[in-house]
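Based on the provided sequences and hints, a complete structural model is requested.
Note that this note's numbering gives residue 33 to position 23 of the sequence shown, counting from 1, and the numbers run on in steps of one.
No lab work stands behind these hints, which were simulated from the structure alone. It is possible that some hints are incorrect.
Stated by the list, open to error - Computed cross-link-like contacts, EDC-like style, restricted to lysine to aspartate or glutamate with a CA-CA straight-line distance of at most 16 Å: (1) K46 to E16; (2) K46 to E81; (3) K46 to E20; (4) K46 to E19; (5) K162 to D152; (6) K162 to D147; (7) K158 to D147.
Remember, predicted model here, so these are calculated numbers, not experimental data.
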Amino acid sequence: MRRYQEALEESLIRNFHRNNLICGMSLSNDYIYSSKHGAATRVSEDFMPMEPTFQTLHVAAVAFNSLLMGEIAVPDWDMFFSAHYTAKFHAAARALGGCPVYVSDKPGSHNFNVLKKLVLPDGSILRARYAGCPARDCLFSDPVLDGKSLLKIWNLNKFSGVIGVFNCQRAGSGHQPPVLHMSLSQNRHHCLFPALSAP
11 MRRYQEALEE SLIRNFHRNN LICGMSLSND YIYSSKHGAA TRVSEDFMPM
61 EPTFQTLHVA AVAFNSLLMG EIAVPDWDMF FSAHYTAKFH AAARALGGCP
111 VYVSDKPGSH NFNVLKKLVL PDGSILRARY AGCPARDCLF SDPVLDGKSL
161 LKIWNLNKFS GVIGVFNCQR AGSGHQPPVL HMSLSQNRHH CLFPALSAP
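Listed below in structure tokens is the structure:
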């Protein structure tokens with residue numbers, strides 16, 4: 011694995027002159043100890059749009075995996091579909107994730123109402139500065155299966171702290187997860203920042 015990783019990274023630097031590599035499926039000790047140039051690292055299973063049991067589990071897994079991987083690389087929370095029934099749920103999580111945000115809808119099938127909520131009116135973003143991680147009081151609970159815990163993901167952006175509260179319970183039930191709405195708010199210093207609120 012080490013030689014493979016070194017060859018991949020050498021090729022990237024030689025042929026692309028930048029570090030734009032997203033390393034998928036990289037939650038292995040081999041990758042963690044061998045990688046020197048991977049900019050972003052996948053910290054989850056793939057987004058599986060046809061698998062209802064994985065929607066809330068995916069968000070919980072990437073947040074918890076970012077506790078470790080966020081100290082090593084920029085966590086990649088994987089793509090999502092902007093026209094999927096869970097698009098708002100995934101978009102809100104990625105806005106907090108400090109991760110690349112990208113979608114893989116079929117051409118012409120994007121939901122721009124969802125995508126516009128991830129950017130400011132001028133098209134710029136307030137990128138979260140760190141890896142989005144579970145709040146301290148969530149670390150030893152099971153926000154997917156215990157039937158009571160909510161997942162709180164926190165981060166900082168240029169102007170403020172941001173926290174999102176996600177109901178990731180019912181993984182496996184096939185129900186649509188509750189959606190948090192994103193809007194722009196002004197803090198007391200009149201600086202815009204993304205805010206999450208319940209519907």
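Problem - Index of numbered hints that the structure contradicts, given in increasing order - result: none
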